[in-house]
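*Asks:* Sequence:
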Amino acid sequence: MKYAVLVVDMLNDFVTGALKCDRGLAIVPHVKKLCDDARKHNIPVIFCNDAHHPGIDREFEIWGEHALIGTKGAEVIPELGLDEKIDFVVPKKRYSGFFQTSLDLLLKELGVDTVIMAGLHAHMCVRHTSADAFQYGYHVIAATDCMDSFTKEDYESGIKYLHDVYGAKLLTSIEVEKLYK
122 MKYAVLVVDM
132 LNDFVTGALK
142 CDRGLAIVPH
152 VKKLCDDARK
162 HNIPVIFCND
172 AHHPGIDREF
182 EIWGEHALIG
192 TKGAEVIPEL
202 GLDEKIDFVV
212 PKKRYSGFFQ
222 TSLDLLLKEL
232 GVDTVIMAGL
242 HAHMCVRHTS
252 ADAFQYGYHV
262 IAATDCMDSF
272 TKEDYESGIK
282 YLHDVYGAKL
292 LTSIEVEKLY
302 K
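Here the numbering used here is used: the first residue of the sequence shown is 122, the next is one more, and so on.
FYI, nobody ran anything at the bench for these hints, they're computed from the structure.
Just to be clear, a hint being listed does not mean it is correct.
In silico DSSO-like pairs for lysine-lysine, Cα to Cα no more than 27 Å straight-line [as the list claims (entries may be wrong)]: (1) Lys214 - Lys281; (2) Lys193 - Lys154; (3) Lys161 - Lys229; (4) Lys123 - Lys273; (5) Lys153 - Lys193; (6) Lys123 - Lys141; (7) Lys153 - Lys273; (8) Lys229 - Lys154; (9) Lys161 - Lys299.
Can you make the complete structure from the sequences, with help from the hints?
*Replies:* Right, dumping it as structure tokens:
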């Protein structure tokens with residue numbers, strides 16, 4: 122199997138800003154470990170990030186303005202150590218990291234067949250990105266300690282959905298690293 126880690130919306134606005142998620146703070150060390158372990162084993166780390174134009178993106182009707190292109194709020198949290206020389210950033214306008222982005226092409230060019238999902242929110246953006254990964258034929262692994270949602274219930278329903286509907290393997294970041302060896 123050829124893996125890639127997809128980190129969804131671990132942005133300043135999602136963790137500490139406009140759409141602050143207190144539960145998101147708790148997963149930061151686990152997501153950092155997942156990214157560091159992947160990099161250590163030459164596994165691509167791809168950040169799928171909301172990147173919205175001020176005043177015109179449809180998501181604003183539901184969530185208000187967030188992750189505006191060119192602002193601190195749209196940047197990956199510094200704790201994850203985004204390395205622009207080896208990591209990839211795929212901007213997105215909707216919940217899925219695949220919808221009208223270059224993510225599928227990037228994964229194909231990297232020879233990836235299995236995506237390891239992390240980030241916010243398990244029941245929303247992670248779920249929709251996983252749905253499209255499944256539709257495009259990728260195997261899905263949910264790094265369960267590397268994702269969360271606004272509520273415990275949303276997190277649990279998201280994880281259950283990934284497993285039941287997309288056949289996602291539910292693994293911790295420690296279990297994921299063992300796959301690389």
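*Asks:* Now look at each hint and say whether the structure bears it out.
*Replies:* Right, here's what the structure says about each hint:
A distance of roughly 25 Å separates the Cα atoms of Lys214 and Lys281; the hinted pair therefore holds under the 27 Å criterion. A distance of roughly 23 Å separates the Cα atoms of Lys193 and Lys154; the hinted pair therefore holds under the 27 Å criterion. Proposed proximity of Lys161 and Lys229 is supported: the alpha carbons are some 21 Å apart, at most 27 Å. Annotation: proposed proximity of Lys123 to Lys273 is violated, straight-line Cα distance about 31 Å (limit 27 Å).
Straight-line distance between C-alpha atoms of Lys153 and Lys193 comes to about 19 Å, which keeps the hinted pair within the 27 Å bound. Restraint check: the Cα-Cα separation between Lys123 and Lys141 comes to about 33 Å, which exceeds 27 Å; the hinted pair is violated. A C-alpha spacing of about 21 Å is found between Lys153 and Lys273, which places the hinted pair at or below 27 Å, so the restraint holds. Pair hint Lys229 plus Lys154 holds up; C-alpha atoms about 25 Å apart against a cutoff of 27 Å.
For the proposed pair Lys161 and Lys299, the alpha carbon gap of about 13 Å is at most 27 Å, so the pair holds.
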